[in-house]
Amino acid sequence: MFKIVAARTVEALIALLLMSIVIFFLSRLTGDPVALLLGDGATEADKIKLTRDLGLDQPIVIQYLTFLGKALTGDFGRSVAAGNQPALQLIMARLPASLSLAGVALAFTMVVGILFGVMAAVRHNSAVDIAARLIALVGQSVPSFWLGIVLMYVFAVQLGWLPTSGYGRWEHYVLPAATLGLFTLAAITRLVRSSMLEALGSEYIKLARVKGLSESVVIWKHALANSLIPVVTFMGTFFAVMITGAVIVETVFSWPGIGRLAYESILARDFPVVQAVVLVITSLFIIANLLVDILYVVIDPRMRSRG
Amino acid sequence: MADATSGANPPNAVLAAISRFWTSLDWPLRIALALLVVFVFVAVFGPWISPHDPLKGSLRARLAPPVWQDGGSWSHIFGTDRLGRDILSRIIAGARISLTVCVLVIAIAGVLGTAIGTAAGYFGGWCDRVLMRLVDLALSFPVILLALLLGAISGPSFTNIIVVISLTLWSQYARMARGETLKIRNEDYVDLARTSGLSDRVIIWRHILPNIAPALIVVATLQVGIVVVLEASLSFLGVGVPPPAPSWGSMVADGRSYIASAWWLCMVPGSAILITVMAVNLLGDALADRINPALRGRNIQ
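Chain order of the listed sequences is R and V.
If you're matching positions, the first sequence starts at 1 in my numbering and goes up one per residue.
If you're matching positions, the second sequence starts at 1 in my numbering and goes up one per residue.
Do not take every clue at face value.
So the derived label-pair ranges between C-beta atoms look like this [stated by the list, open to error]:
| hint | chain 1 | residue 1 | chain 2 | residue 2 | range |
| --- | --- | --- | --- | --- | --- |
| 1 | V | Ile49 | R | Val5 | 57 to 65 Å |
| 2 | R | Lys3 | V | Trp126 | 19 to 27 Å |
| 3 | V | Trp68 | R | Arg169 | 55 to 63 Å |
| 4 | R | Ser214 | V | Ile291 | 33 to 41 Å |
| 5 | V | Ile291 | R | Arg169 | 43 to 51 Å |
| 6 | R | Gln89 | V | Trp74 | 29 to 37 Å |
| 7 | V | Thr100 | R | Trp161 | 37 to 45 Å |
| 8 | V | Arg129 | R | Leu56 | 31 to 39 Å |
| 9 | V | Asn186 | R | Ala225 | 29 to 37 Å |
| 10 | R | Phe25 | V | Thr100 | 25 to 33 Å |
| 11 | V | Ser261 | R | Leu56 | 45 to 53 Å |
| 12 | V | Arg206 | R | Leu17 | 39 to 47 Å |
Hints in this document: simulated from the structure, not taken from any laboratory.
In this text, all values refer to a predicted model and were calculated from it rather than measured experimentally.
Glycine is no exception: its CB is placed at the ideal position from the N, C-alpha and C atoms.
Could you build all of it, start to finish, from the sequences and the hints given here?
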């Protein structure tokens, strides 16, 4: 078990390293940062000075190593747009808003999705099942930027029940979390439903029933325990969906998180911040996948006995 | 109710096959298929059936409501936008953009992913390990951010979004192609082909690819919806199809600030996306069920 965890960790570190190379070269090879920073009215002397200041006269490999060394110590350069603040500081200030929104959305989708999936499987082909299938279909088809606007229009503009945007109180979470969560809700409902249907038809469930266990124990303990394994395997994907979705949902609802920071810094062509945000989000992504892999080893007894 | 054409003794075999296929579908699938046919028809013949020029508007007719609202008229069925451009015509032009992006992305990602996945599965060993690490890497890159990064560097462009979406989606073909290739790599007919001295290239082309094709077609179908939504999302954020081309996503973005006064600016293109993607997903699921039931419920990325 320890061996597997160690191997996964090394893999995650390699992925992170590769990712930093991709991000570094993407932003270096496709544009000249000097021209970008100085604009059109710059003199030749300015350009030469800035090139030297930024270390751009060094070989590209040295430049990458410098970038990596600084990034490892948390130095991603300073924001060009937001008053010369360090890029990492800007991100850290925005991170709690993003994480809390994703946390609320994920908790809500897990609870509702599992409940819905189990009920749909137990009452196969009933009204609940049809409703669950409909939600799964719509949830996987609706584009989140549009869903956000529709929810905002209905519940904030027309009905006036909830605020259109803002951050701080619980009311502010409802619409963005619902928008961010619907896709994952649909996915979890589908996964739980199909694996519960499979589990309910299996031998060990028949055995549990023959043993005389009550129906609720059979469903909620025996069948569900096995049906949750696919949900756990897809947790990394769900997190990925939430993070990429955050860029859109935070933009629609003016949520002060890193997703909107990424969007704003791109509009402002604020390069150091863009680079840092992409790297931070990708790291979160890789770390989440690593945690899911480890969790998987812990909960699945077949994996535990190996290695 | 049985379908009318099935009883009418169709004149030739093609029609018979089509009608047999049609009667084998249940009602939701028939509606989905019909909607998809409309989508493709509109996308292909758009310039000839569009009632107005999607790019030219008249300022006198700006923000006209759709026909069923007070003040609406039949000349602009879905109303007009803030520059007086006809929304129906823009939806039709947007369908063309969506379909073009879908076809290009699925072709590029499909060829790339299939080549990599088949090679990994067929040759195995270090080739497999290296290629599959590459797949993991591609899976762990947030698409929207990559698109934003590229968009920020070189500005929104059609090529950019094709590249970005293809770069994210090829890995799904690679995984599927590898898994399917592993399943049949040691079948008797492949062994026989190998011992009879055929080259690896010929074996892959003639014996492996035809057998893994159905699974790859399912992946492609399930991806259509993803591509449409991704393209719309990127265009919504301003890093997709550059204006003034009427992508459905940028139409929603345009209408956002008019949501309280002119709701149709957002609702019409949004509904177009929702309906198209729902139709494709319904059909994709049904196809997956028929070709390979094990795939069901797994298309969540």
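Status of the hints after comparison with the structure:
Take isoleucine 49 (chain V) and valine 5 (chain R): their Cβ atoms lie about 60 Å apart, and the range 57 to 65 Å holds. Between lysine 3 (chain R) and tryptophan 126 (chain V) the beta carbons are some 21 Å apart, a value that agrees with the proposed interval 19 to 27 Å. Checking the proposed 55 to 63 Å range against tryptophan 68 (chain V) and arginine 169 (chain R) shows it is violated: the Cβ atoms sit about 39 Å from each other. The supplied range of 33 to 41 Å is met by serine 214 (chain R) and isoleucine 291 (chain V), whose beta-carbon atoms lie about 40 Å from each other.
Roughly 50 Å separates the CB atoms of isoleucine 291 (chain V) and arginine 169 (chain R), a value that falls within the hinted 43 to 51 Å. The hinted window of 29 to 37 Å between glutamine 89 (chain R) and tryptophan 74 (chain V) is violated, with their beta carbons roughly 58 Å apart. A beta carbon spacing of about 41 Å between threonine 100 (chain V) and tryptophan 161 (chain R) agrees with the range 37 to 45 Å that was offered as a hint. Distance hint check for arginine 129 (chain V) and leucine 56 (chain R): the Cβ-Cβ separation is about 36 Å, which falls inside the suggested range of 31 to 39 Å.
Against the hinted window of 29 to 37 Å, the Cβ-Cβ separation of asparagine 186 (chain V) and alanine 225 (chain R) comes to about 35 Å, which satisfies the hint. A C-beta distance of roughly 29 Å is found between phenylalanine 25 (chain R) and threonine 100 (chain V), which places it inside the suggested range of 25 to 33 Å. Taking 45 to 53 Å as the suggested C-beta distance range, the pair serine 261 (chain V) and leucine 56 (chain R) conforms, at roughly 50 Å. The supplied range of 39 to 47 Å is met by arginine 206 (chain V) and leucine 17 (chain R), whose beta-carbon atoms lie about 40 Å from each other.
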